[in-house]
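S.K.: Residue numbers (the numbering used here), protein chains in the order written: chain S, 936 to 1362; chain D, 13 to 711.
It should be emphasised that the hints constitute simulated quantities derived from the structure, not laboratory data.
Backbone N, C-alpha and C define an ideal beta-carbon position, used for all residues, glycine too.
A few of these clues could be false.
Stated by the list, open to error - Dumping the calculated PhoX-like pairs for lysine-lysine here, alpha-carbon to alpha-carbon at most 20 Å:
hint, chain 1, residue 1, chain 2, residue 2
1, S, Lys1343, S, Lys1128
2, D, Lys475, S, Lys1065
3, S, Lys995, S, Lys1260
4, S, Lys1215, S, Lys1166
5, S, Lys1208, S, Lys1343
6, D, Lys475, S, Lys1296
As the list claims (entries may be wrong) - FRET-style restraints, in silico, Cβ to Cβ:
hint, chain 1, residue 1, chain 2, residue 2, range
7, S, Gly1237, D, Leu160, 34 to 40 Å
8, D, Gly489, S, Pro1315, 46 to 52 Å
9, D, Phe614, S, Lys1290, 53 to 59 Å
Said to hold, decoys possible - These stretches of chain D come out as covered by chain S in the derived footprint (C-beta under 8 Å, 3 or more residues):
hint, region
10, 331-342
11, 411-424
12, 606-617
13, 623-635
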Amino acid sequence: MRSLRRPLAAAAVIGAAALAAAGCGSSSSSSSSSAAATSTAAASSSGGAPSASVLGTPKKATGSPYVFGLINDETGPVTFPESRQAEIAAAAYVNNYLGGINGHPIQLADCISDGTAPTSARCASELVAKHPIAILGAADTGTPGAETVYARAGLAYLGGVPFTPVEQNAPNSVQFWSVSLGDNAAASVYAVKSLGVKSASVMYFDNSQGKVAGLGIIPPVMKAAGATSVKTVGVPPTTPDPSPDVATAVSAHPDAIYVDIPNNCGVVLKDIKALGYSGKLLGIDPCTSPQAIASAAGAAEGMYVATAFDTTGTQFAQFLAAMNKWAAPNTAVDGISEAGFATVINVRNMLATIKGTPTTKTILAAFKAGSDHPNFMSHPYTCNGEAVAKAVSICNDYYLMEQIKGSKPVIANPTDWITSKGYFKGL
Amino acid sequence: MSSYILFLILGLGSGATYAILGLGLVLKYRSAGVVDFAHGAIAMWIAYVFVNLRTSGVLPLPLIVVPNHINVSSGGMDTTLAIVISLVYAGLLGAVLYFLVYRPLRFAAPLTRICASVGVMLAFEAVAVLNFGTEPKSTPAILPTTSLTLGGVTFPSDRIFFTGIVVVVAIALSLVYRYTRFGLATRAGAENDRGAALIGISANRVAAVNYVIATVGAGAAGILIAPIANLDPTSYTLFIVPALGVALVGRFESFWLVALAGILLGMGQSEVIKFQAMWSWFPQGDVADALPFILIIVTMALRARSVLGRGEAAGLRNPTVARPRNPLLSAAFCLVAGTVILIVLQGSLRNAFISSMTFACVALSLVLLTGYVGQVSLAQMTFAGVGGFMLGHISHGWGLGFPFSLIAAGLCAVPVGLLIGLPALRLRGVNLAVVTLGAAFTADAILFNSQGFAGGLTGLPIKSPHLLGLNLSIAQGKDYPTIIFGVMVLVVVILMGLLVARLRRGAAGRMLLAVRSNERAAASVGINVAEAKLMAFGIAAFIAGIGGALTGYQQGTLTADGFATFVSLGLLAIVYVAGIGRISGAVFAGIMMSSTGFFVTFLDERFGIGKYQTLVAGVLLTITAIANPDGVMSTSTGKGPAVAFFKARDRVIARFAPARGALPAVAGRADRPTAPNDGSAREAPLAEVPAASKAPRHV
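Here chain S stands alone, though its shape is the one from the complex:
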């Protein structure tokens, strides 16, 4: 056993260090976790951080806090730490500048998931035990596991990034935009109707999530809009080098290639160019990250992407100012953080219209009453179950098209909201 002692002692030191780290606050770790993100709140505003004056006059919330639960994926194969950071920043903005919700500050009770249904279900049980008045959606691919728990506990699920059909259809769910459903459908319509695409190759990530968009949304919508030929090419998550798949897509000589690959977008774009393709390109939000654009080595230029958020107005400046002030340093600014921030603001604005302490019943009734509610950084929403076919919880199906120019996504016309209404028949 003597031979084991030294290594064991050293291992124990490492273990103790890890455990000690586990007990430390999240801010420093979040800082390190996002150190790699090159698109940050500070960096996103050309000419430096926006002035804090865009936030308005301070107005503190002093009442008893309203607790909101949230689950966010920050461990596991795909993480979105920026979503929780954006909601933290938005809650601080609401509590310090908007007077909270009728004077009640927002308090976030969070749980970190690895994106699998069992872990998210465990998180949901933990959150329910903290008696929140509602759950704020963040970025969690394990929501199918958690939603069952929320429904059983009678809690509303509000906003965030609706990755799966579960939160897109749950009766207790309210969604302010659609991700991977409405945006892909809108971009498909735009490709055919505005860019004149008649034939396309659709490259999709060959897992459950990728198949929904790659097979179930983009091809049927393109065909419904008038495309004559749509070839689909699945890229397995386990492929080290996607160039054979790219060659398959290119070999069809399409008018456009639609790259619906969140994890490997830059490399795929680079391969598309290397194999001599020079037609139109369409992509998804992760393809517009600085990392993906850099990885594409110039091949992303001209690519079109649909986005739910207007990054040209005052609200975007407020978002950036709040992120600079309250989010962890170097937090990524992207569609995920925009969704997280806007979710908190939308929920605050709607709950402020409810008299007395909000309940699940009054919360859902407030969202479902009326039409064209203001949607922070996005198109107004109406929760009548008709925005997107067979996704009754989604309240808004309008998007802006941005194009990569000079290695940056640029919105050509911030008033030209497009929709797939009439072309997308549902999953």
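Given chain S, work out where chain D should sit, using these hints.
M.R.: The following block gives chain D in isolation, referenced to the frame of chain S:
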């Protein structure tokens, strides 16, 4: 024709990746005797080191919170210098890992080393997620990317250069390990470390040097892969499955064969993609993903007899096995204690306790299969998934009610178990582990990725259980999770435990242990070895299927992510370090080590370990494997947590049933290895010899 050639050339990128990772795996196996599942994670880490050095002049350290990087230069760094520093870093990392993790385990069973490597893999992935995030990183090309035209086909040249480097490395390794003194010493140490020591070769030193070389190789692989693939914390680990396949083709020995197999596999996968696009009659779907498994199966069918194991004493060791002394009384104790716990706990902790029980059920299947029969399976979560999803189909489509739907779901996993168990008729140990991993990988890609079978993103709804008008569902109005559901799960898991105990205590158990100990000896006394192995695979699949179905009942809607390939790897590691030869090991694993189980949930609620959970799990798994190579629940040493637990249990039972006097006062007697009749007689004496006296004297 030219397009077929193009696809062959484009397949070189993936092929070279498999080959270079496979070469590293072979080196590590021959040196440290470990099938290193962390190899991809180490390659990933070094790739991050290189990218950070190259782009920002920062040297990342595998630490969190505390200063985790060193500023080497302001701004970026020259590519060559960044490569050199990264490879030196890799060498140092290899040395640290060897002396910290693998050297202490050089006489442990191969499975213990695999568990430690899984811990290292989890830890490095977790640190990478925390420090770099999961957004893929990019790096400019290292090799020339100019377009080449050959026979009318245009393609990027970097794949050709990458493949050329791999071929040169393979040839160099082959020559070094065949003709140099160091290579001969390595081979001698791998064949017989004690014999090598007798002729003056320090097998330990040779192994350390080899491990360092292999880690540098992993680093080189990571750096070369980064420009063509996706640099993120988990993708490189996925490449390990095909890399293991090609390492198996090379018998974990031949470098040139590994390189050739890797390159051909990549080209084959690429050509399959071409065939799928060209011919409508060609099988569509994830055929390319299944190719590594097909390669493994064909290799095993043709060359199983020549797949080598390392010539070491540890390779013969199996984990110790306990013989349940009084299963009925233990079952009654568990039923009472479990019910009390379910009543006392509420909300999330009660739910977590139920998750612990479903996990324990799947873990029981490993106790039977790996603990009792010695068959290393990395496909248990596949069996569980089949059971779970079939419950969804049965409960909705077949009109079968509880408990018949549950039993039928378990039975549906049996044919899958028999199918995956077929290679076990010719294979054992690590080779079987690789085959079952390949099978799980394929099932993941084809079965669980299927919308029809697994329900896709939405998952598959599972009908709540009802029995004779009694509502057993987990949610009844505001009551969630219900006690009655927890008791139902408890009863089912106890029944599965009794089944395993019954098998262990009866003639079948003696037969299984005989097979585990020595197949030829077992056959010589009339035991049908093939039948015994397949029976074990079938019953284990049934138990795992029941576990998956219980998970389905608990979740209400079952999704595929809980049954992914590497979940099985984590399961084996957890159950092994908990004590794979004991039913109590399965229970311990479920309660204390499952990521959705009681203890982890408790820690998360109290201390918010959330985002550090994987890191803590990886570090603790490695430390536990080193400190308890025979499992936490092993009582063979007469001390430790298991002994304390069993003493406490005996005291409680003695207090409430003093007249029975059924259990011995000292649990170590009850659970210690039963060498004379369990077939593990050869291992038992080894386990009792102090480690230092087992070690060869290195000169």
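S.K.: Hints first: check each against the structure and report whether it holds.
M.R.: Against the structure, the hints come out as follows:
1. S:Lys1343 <-> S:Lys1128: 24 Å, violated
2. D:Lys475 <-> S:Lys1065: Violated - the C-alpha atoms of Lys1065 (chain S) and Lys475 (chain D) are around 28 Å apart, more than 20 Å.
3. S:Lys995 <-> S:Lys1260: It holds: about 16 Å lies between the C-alpha atoms, which stays within 20 Å.
4. S:Lys1215 <-> S:Lys1166: 15 Å, holds
5. S:Lys1208 <-> S:Lys1343: 18 Å, holds
6. D:Lys475 <-> S:Lys1296: 27 Å, violated
7. S:Gly1237 <-> D:Leu160: 34 to 40 Å: 26 Å, violated
8. D:Gly489 <-> S:Pro1315: 46 to 52 Å: 37 Å, violated
9. D:Phe614 <-> S:Lys1290: 53 to 59 Å: Once the Cβ atoms are compared, 40 Å apart, the range 53 to 59 Å for Lys1290 (chain S) and Phe614 (chain D) is violated.
10. 331-342: Since 0 is below three, the answer is violated.
11. 411-424: violated (count 0)
12. 606-617: holds (count 5)
13. 623-635: holds (count 10)
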